[in-house]
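Same order as they appear, the protein sequences are chains A and B.
Per this note's numbering, the first sequence starts with residue 1, numbered consecutively.
Per this note's numbering, the second sequence starts with residue 193, numbered consecutively.
Keep in mind that the hints were calculated from the coordinates and are not lab data.
Glycine is no exception: its CB is placed at the ideal position from the N, C-alpha and C atoms.
It cannot be assumed that every hint is accurate.
To give an idea of the chain A side of the interface with chain B (calculated C-beta under 8 Å), a few residues [as the list claims (entries may be wrong)]: (1) Glu15; (2) Gln18; (3) Glu48; (4) Arg106; (5) Thr113; (6) Leu120; (7) Pro123; (8) Leu175; (9) Phe185; (10) Leu186.
Residue strings, one per chain:
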Amino acid sequence: MARVGVLALQGDFAEHLQVLKDLEVEGVEVRLPQDLEKVDALIIPGGESTTICRLMDLYHVGEPLKARVHAGMPVWGTCAGMIVLAGALTEDRPKPLGLVNIVVTRNAFGRQTDSFEEDLHIPALGDEPFRAVFIRAPSIRRVGEGVEVMASLPNGTPVAARQGHILVTAFHPELTNDTRLHAYFLQWLNKG
Amino acid sequence: MLTGTWRTKAGLAQMLKGGVIMDVVNAEQAKIAEEAGACAVMALERVPADIRASGGVARMSDPQRIREIMAAVTIPVMAKCRIGHFVEAQILQALGVDYIDESEVLTPADEENHVWKHDFTVPFVCGCRDLGEALRRIAEGAAMMRTKGEAGTGDVVEAVRHMRTVQKSIRHIQSLREDELMAEAKALGAPIDLVQEVHRTGRLPVVNFAAGGIATPADAALMMQLGVDGVFVGSGIFKAGQNEKTEIKKIEVQTRIARAIVEATTHHNNPDVLARVSEGLGEPMLSVAARGLKQEELLAVRGW
Chain A
1 MARVGVLALQ
11 GDFAEHLQVL
21 KDLEVEGVEV
31 RLPQDLEKVD
41 ALIIPGGEST
51 TICRLMDLYH
61 VGEPLKARVH
71 AGMPVWGTCA
81 GMIVLAGALT
91 EDRPKPLGLV
101 NIVVTRNAFG
111 RQTDSFEEDL
121 HIPALGDEPF
131 RAVFIRAPSI
141 RRVGEGVEVM
151 ASLPNGTPVA
161 ARQGHILVTA
171 FHPELTNDTR
181 LHAYFLQWLN
191 KG
Chain B
193 MLTGTWRTKA
203 GLAQMLKGGV
213 IMDVVNAEQA
223 KIAEEAGACA
233 VMALERVPAD
243 IRASGGVARM
253 SDPQRIREIM
263 AAVTIPVMAK
273 CRIGHFVEAQ
283 ILQALGVDYI
293 DESEVLTPAD
303 EENHVWKHDF
313 TVPFVCGCRD
323 LGEALRRIAE
333 GAAMMRTKGE
343 AGTGDVVEAV
353 RHMRTVQKSI
363 RHIQSLREDE
373 LMAEAKALGA
383 PIDLVQEVHR
393 TGRLPVVNFA
403 AGGIATPADA
413 ALMMQLGVDG
423 VFVGSGIFKA
433 GQNEKTEIKK
443 IEVQTRIARA
453 IVEATTHHNN
463 PDVLARVSEG
473 LGEPMLSVAA
483 RGLKQEELLA
493 VRGW
């Protein structure tokens with residue numbers, strides 16, 4: 001059976017693991033490069049991107065992760081995870097992995113008092129709206145070649161996108177009971 | 193678009209999980225903390241060890257100081273208000289801080305009532321010594337809890353006591369029959385609906401961090417293994433290395449300890465990592481045994 005890793009350096013990795021459990025998929029905490037070898041897909045959770053990037057650098061997780069993704073491993077970043085996977089940021093730090101062809105702005109909507117919930121229309125998931133929770137969230141500022149926007153805010157700001165087997169969301173599906181995006185991501189396992 | 197919802201408030205605490213929140217008194221320290229991997233900083237005028245030493249009335253920090261710290265870093269910035277001082281809380285919300293700590297480390301402004309935290313868009317964290325206190329704070333609107341410990345001592349014993357006390361109560365509640373929960377709610381001084389929720393889920397309804405006396409990487413890992421979601425470190429970082437001859441050497445010691453506590457929190461179950469990061473850290477903060485403090489010197493007894 002497929003095993004799905006959740007990067008467990010910092011952030012809400014336990015919430016993602018709980019959703020995987022609810023969907024009867026085996027989830028594994030990933031902290032070190034050797035943990036990566038045991039998984040068939042990886043979720044990078046919400047958290048503080050500066051903290052997560054620093055701990056990835058320190059324990060040399062970035063390069064082996066890039067190699068796995070180039071070799072076809074599905075990967076999904078939520079919020080901080082999207083920052084980690086981005087092609088570039090509009091700020092100098094932290095340094096993202098450059099795996100997906102988007103430019104991302106951190107804390108794009110303001111500070112915590114500006115954090116919000118919004119019902120999104122995500123065509124790939126059907127007609128029923130998806131309640132999205134944005135917490136000090138980033139936004140996708142520019143979308144490059146090969147990237148498909150999956151959902152946008154009413155003002156047109158893209159907040160979910162995919163490029164091949166890489167998925168990024170600026171919000172936190174792991175904080176609601178709606179498991180449709182997790183199920184959508186897990187479909188890629190069978191195809192890979 | 194909905195702001196200030198319970199999910200966004202409790203959700204930010206969930207994003208801080210597995211991380212270290214560091215007390216800082218100026219922009220320079222905030223940058224050191226961010227660089228070391230802190231997931232948030234607590235903006236203060238004085239760290240608890242200095243508050244303890246200087247006595248007098250401890251209040252909310254100068255807003256100018258808080259603004260400087262907010263401008264210096266991109267990670268969340270928290271700030272403390274006095275227990276029950278809802279106007280200090282209003283000011284902190286107006287400044288745009290990301291979390292308010294209604295804290296026993298400052299001198300209480302009300303000896304009966306805490307801030308009614310549901311009135312605010314900004315989320316609150318509060319301290320607790322036991323489950324009843326935790327559930328009362330959550331009922332008032334706290335979206336995150338922490339142990340009180342005994343701040344500014346560098347002695348982890350009270351944080352351990354508070355964590356174990358909360359967990360023992362949770363296990364006890366789980367062992368009860370449904371028709372015994374009202375009597376338990378009465379004994380705890382906690383709302384029945386939250387006692388029922390704990391009975392059902394076997395956990396606190398919000399994220400729970402360790403705070404108060406955590407001074408070393410091993411202390412942080414100890415609290416994580418006891419089941420907290422993350423760690424606050426107050427005086428343990430920026431009161432370390434006080435006897436170093438130069439400012440640069442002092443900052444080196446503080447940076448080393450800050451980084452080591454971050455790594456120990458992430459790898460709390462990995463003794464090899466813990467051994468490596470604990471090595472050669474330099475002089476820790478000047479500590480006092482919590483047991484040696486007089487009743488009137490204890491901060492943890494503040495809060496009702």
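Exercise. Hint by hint, work out which the structure violates, then give me just those numbers in ascending order.
Key: 2, 6, 7, 9 and 10
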